[in-house]
Amino acid sequence: MKLLEHQAKRQFARVGIAVPAGRLARTPEEAADAARELGRVAVKAQVPIGGRGKAGGIAVVDSPEEARREAARILAMEIRGFPVRSVWCERGLQIAHELYLGITLDRDRRRLVLILSAAGGMEIEEVAATSPERIAKLWPDPFAGPQPFEVRALAFSALAHAPALAESRSRLASRLVPLAQTLHRLAVDLDAVTCEINPLVVTPEGELVAADGKLEVDENAEYRHPDLVAELARDVEGEDGKSGEDPYEAEAKRRGLTYVHLPGGSIGCIGNGAGLVMNTLDLVQKVGGRPNNFLDVGGGAGAEKVRNSLAMVLSDPDVRGVFINIFGGITRGDEVARGIVRARDELGITLPLVVRMTGTNEEEGRRILTEAGITPGISAPEAARTIVELVGRQAGGAPQPPDAPR
Amino acid sequence: MAILVDASTRVLVQGITGREGTFHTQQMQAYGTRVVAGVVPGRGGGEALGVPVFDTVADAVAGTGADAAFTIVPPAFAADAVMEAAAAGLRLGVCVTEGIPVLDMVRATAYVERTAMRLIGPNCPGVMTPGECKIGFIPNHVARPGRVGVVARSGTLTYEVIQGLSDAGYGETTAVGIGGDPVLGSTFVDILPLFAGDPATEAVVLVGEIGGSDEERAADWMRSTGFDKPVVAFISGRTAPPGKRMGHAGAIISGTTGSAQSKIDALGAVGAAVADTIEDVIRLVGERLSRR
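If you're matching them up, the sequences are chains U and P in order.
No gaps in the numbering here: position 341 of the first sequence is 341 in the working numbering, and each next residue is one more.
No gaps in the numbering here: position 9 of the second sequence is 1009 in the working numbering, and each next residue is one more.
Calculated from the structure, these hints are not laboratory results.
Careful, some of the hints might be misleading.
Partial pick of chain P residues on the chain U-facing surface, computed with a CB cut under 8 Å [unchecked claim]:
#1 MET1246
#2 ALA1273
#3 ASP1276
Non-contacting residues of chain P with respect to chain U, defined by C-beta distances greater than 12 Å in every case (computed) [as the list claims (entries may be wrong)]:
#4 ASP1006
#5 ALA1007
#6 SER1008
#7 VAL1036
#8 ALA1048
#9 PRO1052
#10 ALA1062
#11 LEU1194
#12 GLU1202
#13 SER1213
#14 ASP1214
#15 ALA1240
#16 GLY1268
Just so you know, even glycine gets a beta-carbon here, dropped at the ideal spot from N, CA and C.
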């Protein structure tokens, strides 16, 4: 769950991290009021995706009238599929230097990693790729958190590559200690897997101010943060219920299904187990087909879940046939077969269905399918070839991903 | 020979009275696993599935000599259960729970690292040494004792590989499902050295998927140690788009990290045979075994 900029900044402000003065506006009128109060402001689209500046979603305005006009324009925009529901009107900052300070999950080390760089304002991945020496990292003990001496060392290492900051490095290092500790505590409290301040502005007076904020909360931990979830839903969805999320994926989430949409593909794919379903997509593509989705029915799925999964996959009219790939472990072949036959009869499915089934109760499952006129297969690659032949090959190669979230 | 578990392994079950816990414990007992205790806080002194139930893992260890834990408790309590098992001095913990908050696992793995316990999982199908012991979900009928070690991130593909190896007559020494989460107790580089030290394991099948860089690190390890047992690898998710979580929390391509191609290239470069299909995995294992 990615928070919007203004939500992230409210979290920063709550724990005492300095942020520029700003007001949220949902109407052009509110934006004009904000400009009246704050003076010269940047009007920034609040969408859960990057690239809004390039898309024209940020404007710097000098008067309430201009704020009203620009806010009206931006509030009417859709940025990479996300309707703009609100704008954040923020007072500009005096900038002496821009730093980067962020926390993210380091999978290899099984720790959060604290990253500091004097090259602020740029994509940190880009800095890491082009000049890795400008990035300093710290892996705090998860129980103790970052200690002052560790953050000082981090700061001296990162600032060594910024000659412009040579004189103020000692003062900056001592200011970064409480900031880094606070940010780490915030990340842990919010179950954040990304918690980033970029740029972290050094003002001419030497103050540190978070000029932008990125906060992503672990999906597995959303149950611990119901207020944030509700707030985000309100802010992103609006009254028409349109969220900018892929509508098929939104529907699948409502139905409690593990589903990823690959728009434009013609072959629906269902299986049990994430690895198996990923492999099912790979097999279809290898023989010239184009998968329309990833759907994992999970372990131990019964007939009802299989029926619902088929209904979900078929809700996209681009789907011209479905490949169901089941390896029975906890999942029983006969249960899956009953679900498939029921779905076909109840939903009146006339599109080609190819089922590959092995494992627990496979004989019974195959018998049920055969009696219902569906030919089950044993080999997954063969089944993939069959469905692609039935549906027809599709030019275009790999499915185009929908806009990747930032 | 085998790794991690064998006929002498004494297993306690954390969450033995839950619906899933009961079902899978029964399956494990049917397979011949020596389940010696259950742990359910507040139910100490009772009995479940023919074994005594204790309030704490420490009590269960003192009372039964258990040396391994099967942890099957809801996500909100799982990391705490893992740490309790580690604190009680167990040798092995297998946690199958899916959906544990990742920072809980950051703390739990850091805690476990300070103890003698090896943790497998979470979000994994568990460990099986055919004919001797299984801890977790791996279906009872697919495995048979043999020559090949299996280490995999995906559950269902683990089962498929095991069944293929069994049907072809090669069989398995031990199969280890390491799990689909971003933060795991053990990854490929933790399990491969165990197979290296097991004389019965003649070849290894490594099943990876998109996300993270565990497969690349496995390739680095194979190169730096000169691992000389044949490795057949299989990577799923070639068609997965970036930025989408493909079922497993850890199966996500972020930025330039975690693509299938990067893993295929890394493993191919150190001499692993990389298969396109499970059928191919089995065929390549046969080829490599006959060359030895």
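Hint numbers contradicted by this structure: Result: hints 2, 13, 14, 15 break, sorted rising.
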